[in-house]
Amino acid sequence: MLKPIRSLVLALVGVLLFGVNGFSQSTPQAFTGAQIIPISGEPINNGVLVVEDGKITAVGGENTRIPRNADVHDVSGKIIMPGLVDTHSHIGEGDGGDRSSALHPDVRIMDAIDPRSDTFYKARAGGITSVNIMPGSGHLMSGQTVYLKLREANTIEDMLIYLDEEKTIYGGLKMANGTNPLGGSGFPGTRAKSAAMVRELFVKAEEYQAKIEAADGDESKMPPRDIGLETLVEVLEGKRTVHNHTHRHDDILTAIRLSEEFGYDLVLQHVSEAWKVADEIAEAGVPASIITLDSFGGKLEAAEIKNANGKYLEEAGVLVGLHTDDGITDSRLFLRSAALAVREGMSRKAALESVTIANAKMMDIEDRTGTLEKGKDADFIILSGDPFSVYTHVEQTWIEGSKVFDRSNEDHKKYATGGYEVFRGEVHTHHEMGGSQ
Amino acid sequence: MRSFSKLLLIPVLLVAFVFSNAEAQIAVKGEMVYTMAGDPITDGVVLIKDGKIERVGSASDVSIPSNYEVHEAKVVTPGLIDAHSVVGLAGHLNQEHDQDQLETSSAIQPELRAIDAYNAREALVGHLRDHGITTVHTGHGPGALISGQTMIVKTAGETVEESVVVPAKMLAMTLGNNMSREISKPGTRSKGIAMLRQTFIKAQDYLEKRNGEEEYSKDLGMEALADLLEGKLTALVTVHKANDIMTALRLQEEFGFPMVLDGVAEAYLILDEIKAAGVSVTVHPTMMRTYGDGKNASMETAGKIYEAGIPVAFQSGYEGYVPKTRVVLFEAGVAAANGLGKENALKMLTIDAAKLLGIEDHVGSLVEGKDADIAMFDGDPLEYVTNITGVIINGEKVK
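So the protein sequences, as listed, match chains A and B.
Quick note on numbering: numbering that gives the first Met the number 0 labels position 146 of the first sequence as 145, and the sequence is numbered without any gaps.
Quick note on numbering: numbering that gives the first Met the number 0 labels position 87 of the second sequence as 86, and the sequence is numbered without any gaps.
Just so you know, these hints were derived from the structure itself, not from any lab.
Take the hints with a grain of salt, since some may be wrong.
As the list claims (entries may be wrong) - Taking lysine-lysine pairs in the DSS-like style, the calculated list, with each CA pair at most 27 angstroms apart, reads:
hint, chain 1, residue 1, chain 2, residue 2
1, B, Lys274, A, Lys348
2, B, Lys398, A, Lys305
3, A, Lys275, B, Lys398
4, A, Lys413, B, Lys341
5, A, Lys275, A, Lys77
6, B, Lys274, B, Lys354
7, A, Lys348, A, Lys77
8, B, Lys231, B, Lys369
9, A, Lys413, B, Lys274
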């Protein structure tokens, strides 16, 4: 009996010393021999990447100085690139607003996410290190989204990416227009009504904001707290980005029109008919987060989606990102989404950016992740070959200096391939939830 | 071609008539030509005459007649084959008026013919064609014990009559927990099997009458089931869980009809049993979503089934939402990267699929006398970033 207890104690000591990831943060890790695609510059052959205390401390050619005490990983023949950033996902088995209203700015998806969900393992297996998890699109506003680092976690707090010093903002606001939010009691019946309801609520939020400003710090003059309006004030102040689900060309322009009226930061999501209004999107200076699919169709207002959207938006000068919308596409195959965009004419450079730095910019985390640069978080992936090849596997995923996925470990690999009793949770397919894509 | 009855030959002849003579003769040059009948040919040539393959060989051996229209590609393969789809019955709009793959008025409807519901102009058919897929086994979908018949089409043609290769090929069946919720009965797995067994026993009696001397009243459903029992049709059983696969094999053993297992997410648990039963498999899309009965799906399953020596081909399957269809070319690529290998994936997309569907005398490899169905690529066909640069069906350039 003694021995197991002692090893348990030792294991606990290990956890205390090294944190839940079981990896020492203090020993520098150096990766040598790989081609490094830093995104911030040209690929470096036979490059060196050094990370310490969760940060990148050096990226460069073969002569880059490696600290004497570093653990050196020879990854010759491999590719190292930044960890992938997904701007639109439904992993984590969360939820959002209910059917009581079409507008739920008060609802936080972070209150409903299971940090132990196997969908997180799936995403790590696909090389995803940062993600924007959103509630669905069956509402004009279905709730606050959450930005996560896919660190190994016991609680949702372990994963949050804080955007402000007070640590109160860690996501955006999900909005939707077009057909998904239509119908039902308390919901709009038409597109124009949808826009009117959103505008009405933002007008209220502006009034609420004015009252707060008028109080000028005097508690007795403050309006009663309204957590929904507080969220919209964050949107109006540019502290919280609106992620607007939209498909049809006219709905895309409506989303832009509302953002300009109230002056909030907007990311267009899906943008299925972007190819029809790419110049208008470019002129508005609004970024677009798009998806590539195995075929068009399945949903009427997305019937004219093109995998060439990336190409058209790139040519128009729009900041383009890609997303999985997992389970519409699979987090394990996120690089494939970019490859399909290349297949349809997007440049390799823009496609690589569309799964890394472009998405980091849309989530305001570009100073921490999305490229391999000194001082940024050590979020990177090691690939067996070209990022856009079907034969390439994600071999390792590292987040802030900790390895969270290793394909050579069978217990990890099963999340990349699937198999018997690997995935227990149900995939968020949108289909039964009234459609979200 | 045992399965071609006289009735079935009529559309085949129609196809031949429609496409013959009208087109210029064609030569296809490929830096790499995968004939799927022997080793690939470097710098190969395929000559096409009157819709059929006239000659295949190395450019140094085969001279191209001057009146032939020449097409060039990096890689040339036979037209690809989707061994099970619902396109043409299921349309891309996903509205009630373009979804004919499942009739929910009752659980057993073997009399429903695919040819009566196939829309040859459906955009999804064109989508598959643009990805090099020239032959599709399509028809009624999963969701009912017996949802109806399937057929084999070429992805060219503007009417079902122009497109059809085999008008009635299989009976689409579903076991396990994949039943449409709109069908009230059966409510359990075992009730479903009881219903099927009773139906097949009735069909045995019907077949006896059909083969007898006395007059009998014709029943369209029983006609189809009698054809199944006689081996003129094949049961295409969509099933994922290992225990349900075993149930399918039990049915097959009791009634003795030919069977193709479709989907089989948990096949890797019972490969020996599947092999011993002598059935073929249309394996689930490699990238299938892991939920419901298929939650234990693995990207390595196609490779494991192939390795076990079980006849197997790729399917695009049925999709209820976005995307509205998958593409076997893409599924093959991911399977190739997960244990199957490129050469085996190409075989499963072409000659193996043709054999599984019983049409290998017509399609599936680049051999003299076969239909001139060809896909052209600007690189490795399975790579994500490779484009399809040309498609030929029955000797006609369709892309």
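Evaluation of the provided hints:
no. : hint                  : in the structure
1   : B:Lys274 <-> A:Lys348 : violated, 47 angstroms
2   : B:Lys398 <-> A:Lys305 : holds, 18 angstroms
3   : A:Lys275 <-> B:Lys398 : holds, 24 angstroms
4   : A:Lys413 <-> B:Lys341 : holds, 22 angstroms
5   : A:Lys275 <-> A:Lys77  : violated, 39 angstroms
6   : B:Lys274 <-> B:Lys354 : holds, 16 angstroms
7   : A:Lys348 <-> A:Lys77  : holds, 19 angstroms
8   : B:Lys231 <-> B:Lys369 : holds, 23 angstroms
9   : A:Lys413 <-> B:Lys274 : holds, 25 angstroms
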